[in-house]
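Chains as they are written, first to last, in the working numbering: chain A, 1 to 131; chain B, 132 to 262.
There may be inaccurate statements among the hints.
[Said to hold, decoys possible] In silico lysine to aspartate or glutamate, EDC-like type, Cα no more than 20 Å apart, as pairs:
#1 A/K105 x A/D94
#2 B/K255 x A/D94
#3 B/K255 x A/D59
#4 B/K255 x A/D55
#5 B/K218 x B/E160
#6 B/K218 x B/E155
#7 B/K255 x B/E155
#8 B/K255 x B/E191
Simulated from the structure, these hints should not be mistaken for laboratory data.
Remember, predicted model here, so these are calculated numbers, not experimental data.
Listed here are the chains, written in short residue letters.
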Amino acid sequence: MAEQRARPLSPHLGIWRWGPGMTASIFHRISGGALTVAGLAVLTWWLMSLADGSDAYGDFSAIAGTWVGLVVLIGLTWAFFQHLLSGIRHLVTDAGENLELRGNKASAIATFVGALLLTAALWFYILGVAK
Amino acid sequence: MSLGDSSTELGKVRGLGSAREGGEHWIGERVSSIALLLLGVWLIASLLFLPALDHATVSEWLRTPLGAVPMALFVITSFYHGLDGLKVVVDDYVHEPGNNFALNTALLFLAVGGAAFALFALAKVALGGAA
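Here chain B stands alone, though its shape is the one from the complex:
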């Protein structure tokens, strides 16, 4: 079973799930949760073990590959997983198709926009050189 082909064996035989789609979404939510388990614990531990949380110390940490790369992965994965989760909530409670589409589209734009701003800021710090 790979990420792109996530139907169960029975689902494949019948050619559908209850929603006829969505296996990838379900698997993706769980795979990203495992990634965030690692990255989230890494982030908290890293902040805890930094000697200080002032501008110079944090910037210096995020200029190292072992600071910047996991942070970029955390930003991407947390926005992805957060959007996935909110989509499930919206699909559960907002049944009118137009409202559902509007809300899911707004959340998609917010998540992609937020992630882009966070990644730009991180890149500026990581690649900016010593201030």
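Pulled out of the complex, with its shape left as it was, chain A reads as follows:
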């Protein structure tokens, strides 16, 4: 059998100029990972404390209301909206649409702007009502 020659590799991460599409791609992964690990842990903890009774639920609420708790919840909200908008963008490209450079780049930027705006609007509302 012929000796295996080194095959040409496609250029990898280091060679590309960083752009919105790449940023949206890696943030989709990071936000998805955060939602799965931290989000599902919080969801399960929340439901278990609810089932455990009002004392356990009170503990959960107290921790959720601390600065650290709020940072985690706001972070998860942002990850949710980022993953949601980026996911819709992926479904569109999966269908073979929006693959032209200009529109694709614009939609990548739109996921970041949209996620930040939705997160800010939601938490301004929540913290405003809670006051």
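Put chain B on the given structure of chain A with help from the hints.
Relative to chain A, chain B alone:
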């Protein structure tokens, strides 16, 4: 094209995809993402419109069919989709077959276990009757 037969027409003719399998996984990830688009927005909207987030109010909400059933679907679908996504990340970065198998198996156990705990807690709240 159904969920159980997700090869493309060309893939069927050739009898393979690049990995010879995985069409179902790819489709399942996208179908569950559409479900989570609906269920995730439902969950955030529901929490937002509840008059309060104390133990009694949330428990009462999850004892109604329109609270408990979508929540159960959200738990199942989010663990399924989260596991699907982490599997893609593991398969991308962990190439050694033994490590890949070990990590994917550990994630499977964690996801099934987490979902079971979350569903048990939800069932206890939903079917427990007024406290």
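Against the structure, the hints:
no.	hint	in the structure
1	A/K105 x A/D94	holds (16 Å)
2	B/K255 x A/D94	violated (40 Å)
3	B/K255 x A/D59	holds (19 Å)
4	B/K255 x A/D55	holds (16 Å)
5	B/K218 x B/E160	holds (11 Å)
6	B/K218 x B/E155	holds (14 Å)
7	B/K255 x B/E155	violated (33 Å)
8	B/K255 x B/E191	holds (12 Å)
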